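Asker: If you read the sequence shown in the numbering used here, its first letter stands for residue 1, the second for the next number, and so on.
Check before you lean on any hint, since a few could be wrong.
To be verified - DEER-style ranges, computed between Cβ atoms:
#1 G33 x L2: 19 to 25 angstroms
#2 S37 x R15: 31 to 37 angstroms
#3 L17 x E65: 28 to 34 angstroms
#4 Q41 x S61: 33 to 39 angstroms
#5 R15 x G74: 35 to 41 angstroms
#6 G74 x G33: 17 to 23 angstroms
#7 A26 x T5: 19 to 25 angstroms
#8 R68 x Q48: 31 to 37 angstroms
#9 G46 x R14: 21 to 27 angstroms
#10 F84 x A64: 14 to 20 angstroms
#11 L17 x D44: 21 to 27 angstroms
Just so you know, these hints were derived from the structure itself, not from any lab.
Note that the coordinates shown come from a computational prediction; the quantities given were computed from them, not determined experimentally.
Glycine included, every Cβ here is placed at the ideal spot set by N, Cα and C.
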Amino acid sequence: MLSLTLEPTNNCNRRCLHCFVNKADAPGFLPLGLAESILSQAKDLGFQQVHLTGGEVALYSHLAELIRLIVGYGLPFTVVTNGFRFPEVLLRPGGGPGVPAASAPGG
1 MLSLTLEPTN NCNRRCLHCF VNKADAPGFL PLGLAESILS QAKDLGFQQV HLTGGEVALY
61 SHLAELIRLI VGYGLPFTVV TNGFRFPEVL LRPGGGPGVP AASAPGG
């Protein structure tokens, strides 16, 4: 299955010892318009699912909109989160395809 991994942000609210996210990097956020373009191209190229990871995905200010876009393209998705800030959008993502996955905090 062809999968797309998106990192909406490299920002995180934890400092887990096992994590590869560079603590020295300034927080960055994927512009929603760019995310939409990437998803459109991925769908056209035959990608079949999306994985959202980061940083902490729950810190992305456009998370609800991003999930709506993913669901709109009919793509199943997973969300990797440390669970410390679990937004409502992950609990009920609009009834679309996909079940969020959560990583266990290790910091």
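Asker: If a hint holds in the structure, say so; if it does not, say that too.
Answerer: Do the hints match the structure? See the list:
no., hint, verdict
1, G33 x L2: 19 to 25 angstroms, "holds (23 angstroms)"
2, S37 x R15: 31 to 37 angstroms, "holds (32 angstroms)"
3, L17 x E65: 28 to 34 angstroms, "holds (32 angstroms)"
4, Q41 x S61: 33 to 39 angstroms, "violated (23 angstroms)"
5, R15 x G74: 35 to 41 angstroms, "holds (37 angstroms)"
6, G74 x G33: 17 to 23 angstroms, "holds (20 angstroms)"
7, A26 x T5: 19 to 25 angstroms, "holds (21 angstroms)"
8, R68 x Q48: 31 to 37 angstroms, "violated (19 angstroms)"
9, G46 x R14: 21 to 27 angstroms, "violated (35 angstroms)"
10, F84 x A64: 14 to 20 angstroms, "holds (18 angstroms)"
11, L17 x D44: 21 to 27 angstroms, "violated (40 angstroms)"
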